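Asks: Here the protein sequences line up with chains A and B, keeping their order. The first sequence lines up with residues 1 to 410 when you count with this note's numbering. The second sequence lines up with residues 1 to 410 when you count with this note's numbering.
None of these hints come from the bench; they were simulated from the model. Keep in mind that this is a model prediction, so the values were computed, not measured. Hints may be right or wrong, so weigh each one.
Identical copies go unnamed one by one, so any copy, or any two together, can satisfy a pair.
Listed next, the in silico EDC-like pairs over lysine to aspartate or glutamate satisfying Cα-Cα at most 20 Å (straight line) [claimed, not checked]: (1) K326 x E82; (2) K204 x D257; (3) K86 x D76; (4) K3 x D389; (5) K202 x D257; (6) K297 x E137; (7) K304 x E11; (8) K326 x D104; (9) K326 x D76; (10) K184 x E11; (11) K99 x D76; (12) K202 x E51; (13) K13 x E220; (14) K3 x E51; (15) K167 x D4; (16) K2 x D389; (17) K99 x E210; (18) K326 x D63; (19) K202 x E220; (20) K2 x D155; (21) K204 x E178.
Protein chains: 2
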Amino acid sequence: MKKDIHRLMEERKIDVAIVEGPDGMDSTNPAFAYMTGGQHLVGSVIIKRGEKPIVLFRSMERDAAAATGHEAINMDRWPTHEIVQKFPNPLDARVELYKRIIGDLKLKGRIAFYGTGSIGSHFAFLRGLQPGLNGSEIIGEYDRDIFQVARETKDPDEIARLEKHGKETCAVIGEAVEFIRSHKVKSETLVTKDGTPLTIGKAKEFIRLESARRGLVMGEDFIFALGRDGATGHSVGNPDDPIQLGKSIVFDFFPRDANGYFHDVTRTFCFGHAPKEIEKIYHQVMDCFQTVVKQFKVGETTQKYQHMTCDIFEKHGHTTQRSDPKSQSGYFHSLGHGLGLEVHEQPYFSTFGPPRSTLQPGMVFTVEPGLYYPEKGYGVRIEDTYYCDAKGQFHSITPFPQDLVIPMKG
Amino acid sequence: MKKDIHRLMEERKIDVAIVEGPDGMDSTNPAFAYMTGGQHLVGSVIIKRGEKPIVLFRSMERDAAAATGHEAINMDRWPTHEIVQKFPNPLDARVELYKRIIGDLKLKGRIAFYGTGSIGSHFAFLRGLQPGLNGSEIIGEYDRDIFQVARETKDPDEIARLEKHGKETCAVIGEAVEFIRSHKVKSETLVTKDGTPLTIGKAKEFIRLESARRGLVMGEDFIFALGRDGATGHSVGNPDDPIQLGKSIVFDFFPRDANGYFHDVTRTFCFGHAPKEIEKIYHQVMDCFQTVVKQFKVGETTQKYQHMTCDIFEKHGHTTQRSDPKSQSGYFHSLGHGLGLEVHEQPYFSTFGPPRSTLQPGMVFTVEPGLYYPEKGYGVRIEDTYYCDAKGQFHSITPFPQDLVIPMKG
């Protein structure tokens, strides 16, 4: 939670945290969004350990800067126009500007940079900045940085937001299911009013529109994939595929809300009826899902549940990521991932390496066991978003049935 | 254009370009999208100078990797699971993995990194990677990197895509204008069928929905801002403001298409009628717009046109960024910016510092003079997207009238 940031800075001996908010990154700059409340601006957030954050902003975004609630300093305090005349090389000019900011704001000690931006240009910039800072040190945290760890547990406001967003997300799924099952069927293929097949593309169009109507943002394409496409993991689906009775569809949906928070849910559907072999693996996936979520306990490593999932699937004779890390069938991913301002964030449920996270109150993460057989033309994944409340109880915040078979209307 | 990449590598003595495609960045990783054709995958694109690109991918995204058309190498060629067991520190594990990739693919010399990602973790990673590379050097390009310069001029396919997308964007604006002007008016305020005021929020909702219907993506909020909010530059507008006759609205709209290419257009509207003072500055902005676009000529610096704009506005008595870089009224930004896979990219039209770009065939950029008087409660900006064809002729690809006053229907 946000209140942990100063403690984490203390533990890691970080004196100053600078979160960069470059142009064009808004929705993919979670640390910056976290510190600005999702306001759209180009600038930086500077935190001296133990002090209140400062936002550096440009005049055109003064309203957004004010809305962050932090102390806001207009970048025009530093004469960029003079600096770029004096330092014709843009890198030199940027280094000079930051030296002045660091000097004027008395930033000293171990200065860590965060935020999202161009990898190469920031590498050049930070390397160029280091020599001129007598005594201070520029650092980058590689893994589980202070913002990632703070964001790993959500405060009550964030939980309320995520719960509300889960309901909206499920409402879209409900509308999509009703839309599809209302179609007529002609020799096992769903057909629209004009007699043409209902395709994956048309269903996705409906979902996109319904999302927009409810203010949900789909920055990236979502997965709505038929048969074999649902069995590779991340194929988004072929728009031209006609939807047919008894064929499995993997619908993995992860919209953002207006504040930048994600929900993540997957359902696997067969319209009308399901083939026996798909039903069989669906029941194995559901069984795994229910067994695992019952065992969630504060203090246990996330990795324990990934191994539990592998145990269950291996017992049924499936290959897992653990038994064959190269396998492209069976169970080949991890049980889940945290989500919030990123669709994938801490905690992770990794198979290999040392355990990195333990379950804690305030955590929000997905539970998504799946089994995939591309060569047989089907995959099944069931995913809910879970959260752990202050008492250590785990709840799904994805209020939508997990049924495989969706009966057609009439 | 893409064909320039190897020449740029040669000129800059870059032996290998590695474009990183980390998780969660798709729509904000232009260099990676440029090299993968917008396919959604987590991985890297590696270009040895003079050779064809290679894509590193993970199994779950093998379809997307194949669709890039490049040679594709599955990351499971390297035993990540063994590496993370042997190197429990995640940074050490990542460095080890890349050392193996660099060794196996025989990457040597000056190795430059590109792409978008976490600033801090990539700084730590690239710094950690350097020592183990006997003889090779890790570099980052700060400014106008090879991909930015290649992307600064568009090839005919990209132009066709951008022109089509301009038409779709303008179609949404047309629908929005028709929607608004069809409302009834009650004491100067537009009202909906249920008698409540038509607000900025309701108009934006209509625009979002119409965008989704046409497959346009609004990753970020757009500007639809009334009166004073339209005069700060980047305020997105207050959703509760009722739309009133004779009040100016700045509508700055920059959707992406399905391939990640942007359009960018601004119109300033007064519904019903416009006050004399807004009409006056509108005509000054239009006059400036038309004067400047007539002068565009291949080989001239973009900066020349920014100065031309300042000349025109200063002659009318307005403060400009050039006459007072701190001013928050008058003309306080630059004339335009390139656009393509980013909404702001090369070329820029900067006021200060040495000129960086000259106009060239294939360039696509905005032309957006504006005048702003927040203390008087209005701002006017008019923006079209322009392109320069192979013959050096400049054309608007924003087919929508630039009128200020939109008469109400009936």
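Asks: Take the hints in turn and mark each one as holding or not.
Replies: Against the structure, the hints come out as follows:
When the C-alpha separation of K326 and E82 is checked against a cutoff of 20 Å, the pair qualifies only between copies, where the shortest distance is 12 Å, while the shortest distance within a copy is 56 Å. Proximity of K204 to D257 under the C-alpha cut-off of 20 Å is found in both arrangements, the shortest distances being 19 Å within a copy and 16 Å between copies. Taking CA atoms no more than 20 Å apart as the test, K86 paired with D76 passes inside one copy only; the shortest distance there is 17 Å, against 50 Å between copies. Taking identical chains as interchangeable, the C-alpha atoms of K3 and D389 lie at most 20 Å apart only when both belong to the same chain, with a minimum of 17 Å there against 55 Å between chains.
In this assembly of identical chains, the alpha carbons of K202 and D257 lie at most 20 Å apart only when taken from different copies (17 Å versus 23 Å within one copy). In the homo-oligomer, the alpha carbons of K297 and E137 never lie at most 20 Å apart, since the shortest distance is 40 Å inside one protomer and 47 Å across protomers. For the homomeric pair K304 and E11, neither the shortest alpha-carbon distance inside one copy (27 Å) nor that between copies (52 Å) is at most 20 Å. Taking the shortest Cα distances, K326 and D104 sit within 20 Å of each other only across copies (19 Å), while inside one copy they are farther apart (53 Å).
When the C-alpha separation of K326 and D76 is checked against a cutoff of 20 Å, the pair qualifies only between copies, where the shortest distance is 6 Å, while the shortest distance within a copy is 54 Å. Taking the shortest alpha-carbon separations for K184 and E11, neither the intra-copy value of 63 Å nor the inter-copy value of 62 Å comes in at or below 20 Å. Taking identical chains as interchangeable, the C-alpha atoms of K99 and D76 lie at most 20 Å apart only when both belong to the same chain, with a minimum of 15 Å there against 43 Å between chains. Proximity of K202 to E51 under the C-alpha cut-off of 20 Å is found in neither arrangement, the shortest distances being 52 Å within a copy and 40 Å between copies.
With identical chains, the CA atoms of K13 and E220 are never at most 20 Å apart, being 37 Å at best within one copy and 36 Å at best between copies. In this homomeric assembly, K3 and E51 come within 20 Å of each other (Cα to Cα) only inside a single copy, at 12 Å, whereas the closest approach across copies is 50 Å. Taking the closest pair of Cα atoms, K167 and D4 never come within 20 Å of each other, the shortest separation being 29 Å inside a single copy and 49 Å across copies. Only within a single protomer do K2 and D389 lie at most 20 Å apart by alpha-carbon distance; the minimum there is 17 Å, versus 51 Å between protomers.
In this assembly of identical chains, the alpha carbons of K99 and E210 never lie at most 20 Å apart, being 49 Å within a copy and 47 Å across copies at closest. In this homomeric assembly, K326 and D63 come within 20 Å of each other (Cα to Cα) only across copies, at 16 Å, whereas the closest approach inside a single copy is 51 Å. Within a single copy, K202 and E220 get their C-alpha atoms as close as 17 Å, which meets the 20 Å cut-off; across copies the closest is 25 Å, which misses it. For the identical chains of this complex, K2 and D155 are intra-copy neighbours only, at 8 Å inside a copy versus 46 Å across copies, given an alpha-carbon limit of 20 Å.
In this homomeric assembly, K204 and E178 come within 20 Å of each other (Cα to Cα) only inside a single copy, at 14 Å, whereas the closest approach across copies is 27 Å.
Checked against the numbered hints above, the structure violates hints 6, 7, 10, 12, 13, 15 and 17; every other hint is satisfied.
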